[in-house]
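Undergrad: From first to last, the protein sequence lines stand for chains A and B.
Residues in the first sequence are numbered from 1 upward in steps of one, following this note's numbering.
Residues in the second sequence are numbered from 113 upward in steps of one, following this note's numbering.
In case anyone wonders, no lab produced these hints; they're calculated from the structure.
Ideal Cβ placement from N, Cα and C applies to all residues, glycine included.
Check before you lean on any hint, since a few could be wrong.
Here are the simulated DSSO-like cross-link-like pairs (lysine-lysine), alpha carbons at most 30 angstroms apart as the crow flies [unchecked claim]: (1) B:Lys-150 <-> B:Lys-182; (2) B:Lys-128 <-> A:Lys-57; (3) A:Lys-57 <-> B:Lys-182; (4) B:Lys-150 <-> A:Lys-9; (5) B:Lys-115 <-> A:Lys-57.
Away from chain B, derived, C-beta distances all over 10 angstroms, residues of chain A [what the hints assert, rightly or not]: (6) Ser-2; (7) Leu-11; (8) Thr-15; (9) Gly-28; (10) Leu-43; (11) Phe-45; (12) Gly-52; (13) Asn-77; (14) Ser-80; (15) Thr-102; (16) Ser-105; (17) Gly-106; (18) Arg-108.
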Amino acid sequence: DSGVTQTPKHLITATGQRVTLRCSPRSGDLSVYWYQQSLDQGLQFLIQYYNGEERAKGNILERFSAQQFPDLHSELNLSSLELGDSALYFCASSVSGFYGYTFGSGTRLTVV
Amino acid sequence: AQKVTQAQTEISVVEKEDVTLDCVYETRDTTYYLFWYKQPPSGELVFLIRRNSFDEQNEISGRYSWNFQKSTSSFNFTITASQVVDSAVYFCALVPGGTSYGKLTFGQGTILTVHP
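Turn these sequences into a full structure, and let the hints steer you where they fit.
TA: Structure (structure tokens):
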């Protein structure tokens, strides 16, 4: 157990739907990062939060949004889902990038 | 902008062979951190090593070793006497320094298959 908890582990949904992925960071980590891993794009950075504030944005679609709550857990919301959104979504947390990043086990999203 | 290149898409070896995974990076930052992660078939990302740009010492951990050469912007990973359990996708990644909150930039990954 890495200490970063992601739920659900698997999600199957239809095109056009909306889903929410949840991440609980490792105890003491203030930063949360979301990554998307698809077959053709590799591991792509989506967004980062630090202590509730958005810090950095990567290749995140407008249909996607995220937030970090006061208890530091984070949610990634994906809406108007398309087949191409099918991927493994990882959450990572860190105290500081200097010390590395701990990844959760991921949420595998399948859009049908 | 940062870039990490893992030119080897797939490598196939027989058990007990040594194998080296290449990683070349690009960054304008003078301070940065390099990482290797392992992704076994189960899918999770497992941290292997972190190296900062000021520390060019090679590192050995059991059968794993890492060779960091700033002059060639490379951070290669060698597995000695490979085992079937080493079969996985291996990712090299970089984060720029100067901020504590930087994001990881990953290479495309190298699929390593170790045959018995």
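Undergrad: Look at each hint and say if it fits the structure.
TA: Outcome of the hint check:
1. B:Lys-150 <-> B:Lys-182: holds, 23 angstroms
2. B:Lys-128 <-> A:Lys-57: violated, 43 angstroms
3. A:Lys-57 <-> B:Lys-182: holds, 28 angstroms
4. B:Lys-150 <-> A:Lys-9: holds, 19 angstroms
5. B:Lys-115 <-> A:Lys-57: With a Cα-Cα distance of about 17 angstroms, the restraint between B:Lys-115 and A:Lys-57 holds, given a limit of 30 angstroms.
6. Ser-2: Contrary to the label, A:Ser-2 does not stay out of reach of chain B, its closest Cβ about 7 angstroms off (not over 10 angstroms).
7. Leu-11: With a cut-off of 10 angstroms, A:Leu-11 remains clear of chain B, as the shortest Cβ separation is near 14 angstroms.
8. Thr-15: holds, 24 angstroms
9. Gly-28: holds, 14 angstroms
10. Leu-43: Its Cβ does come within 10 angstroms of chain B, the nearest being 4 angstroms, so this is violated.
11. Phe-45: Violated, since 5 angstroms does not exceed 10 angstroms.
12. Gly-52: holds, 13 angstroms
13. Asn-77: Non-interface label on A:Asn-77 holds, nearest chain B Cβ at 20 angstroms vs cutoff 10 angstroms.
14. Ser-80: holds, 25 angstroms
15. Thr-102: violated, 7 angstroms
16. Ser-105: violated, 5 angstroms
17. Gly-106: violated, 6 angstroms
18. Arg-108: Its Cβ does come within 10 angstroms of chain B, the nearest being 7 angstroms, so this is violated.
The earlier numbered hints that this structure contradicts are 2, 6, 10, 11, 15, 16, 17, 18.
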